[in-house]
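J.: The lines below spell out each chain.
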Amino acid sequence: EPEVTQTPSHQVTQMGQEVILRCVPISNHLYFYWYRQILGQKVEFLVSFYNNEISEKSEIFDDQFSVERPDGSNFTLKIRSTKLEDSAMYFCASSEGFSNTEAFFGQGTRLTVV
Amino acid sequence: KNEVEQSPQNLTAQEGEFITINCSYSVGISALHWLQQHPGGGIVSLFMLSSGKKKHGRLIATINIQEKHSSLHITASHPRDSAVYICAVRTGTASKLTFGTGTRLQVTL
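These protein sequences, in sequence, are chains R and P. The opening residue of the first sequence carries number 1 in the numbering used here; numbering runs sequentially from there. The opening residue of the second sequence carries number 1 in the numbering used here; numbering runs sequentially from there.
Calculated directly from the structure, the hints in this document are not laboratory data. Predicted, not measured: the structure shown is a model, and the values here were computed from it. Any given hint could turn out to be false.
As the list claims (entries may be wrong) - Have a look at the derived ranges for each label pair, beta carbon to beta carbon: (1) R:Gln64 x P:Ser45: 38 to 44 Å; (2) P:Gly52 x R:Glu18: 45 to 51 Å; (3) P:Lys1 x R:Asn100: 20 to 26 Å.
Glycine residues also receive a C-beta, built at the ideal position from the N, C-alpha and C atoms.
If we strip away everything but chain R, and leave its shape as in the complex, we get (with noise of 0.2 Å):
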């Protein structure tokens, strides 16, 4: 069954480094999402992507942050000059539309900012 993978699957990184974290989508979806988990906290939405660019980002996705698609199948989450409050449980997703269509997630990478 086609998946959402992400890498890595856990980075520890020291506070003001850049760091980028990896999504493969599913290969035929359109729609990339990004979301963060503070830990014990819900699921907060980031960015959503479509024909390469922004189509809709919260106000939590300051200057920060930045999503590119580098080729066909990579995205990619950039975070410039990480905050220790940037720690969290990233989720990468991807759907074929965007209104009523499923949406599937990775596994998430968990970001450690020290």
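Fit chain P to the known structure of chain R by using the hints.
T.: For chain P alone, coordinates are given in the frame of chain R:
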């Protein structure tokens, strides 16, 4: 902004029991998703609903659009059903999902 509430927050059941988890939301939606999150953290999609009822194995999901309410039922529960069950909604033409806080289910022998 859509507020998504789930109840109960925590649920303990014995193997074989029938389980119901509830989700309510404040604004009309285009779709509602039920998701399962295991202790390792990964999220698995169970159902997507915009009306009526869906069934998959021992899982049944229903939605009442007028009452802005959905339920997830698990029949003949089993310890492997132990997980966090999350309701998430998509509102209007927005692409994002808005998540509830989840219901932590523990099924014991």
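J.: Each of the hints needs a verdict: does it hold here or not?
T.: Here is how each hint holds up against the structure:
{"no.": "1", "hint": "R:Gln64 x P:Ser45: 38 to 44 Å", "result": "violated (29 Å)"}
{"no.": "2", "hint": "P:Gly52 x R:Glu18: 45 to 51 Å", "result": "holds (47 Å)"}
{"no.": "3", "hint": "P:Lys1 x R:Asn100: 20 to 26 Å", "result": "holds (21 Å)"}
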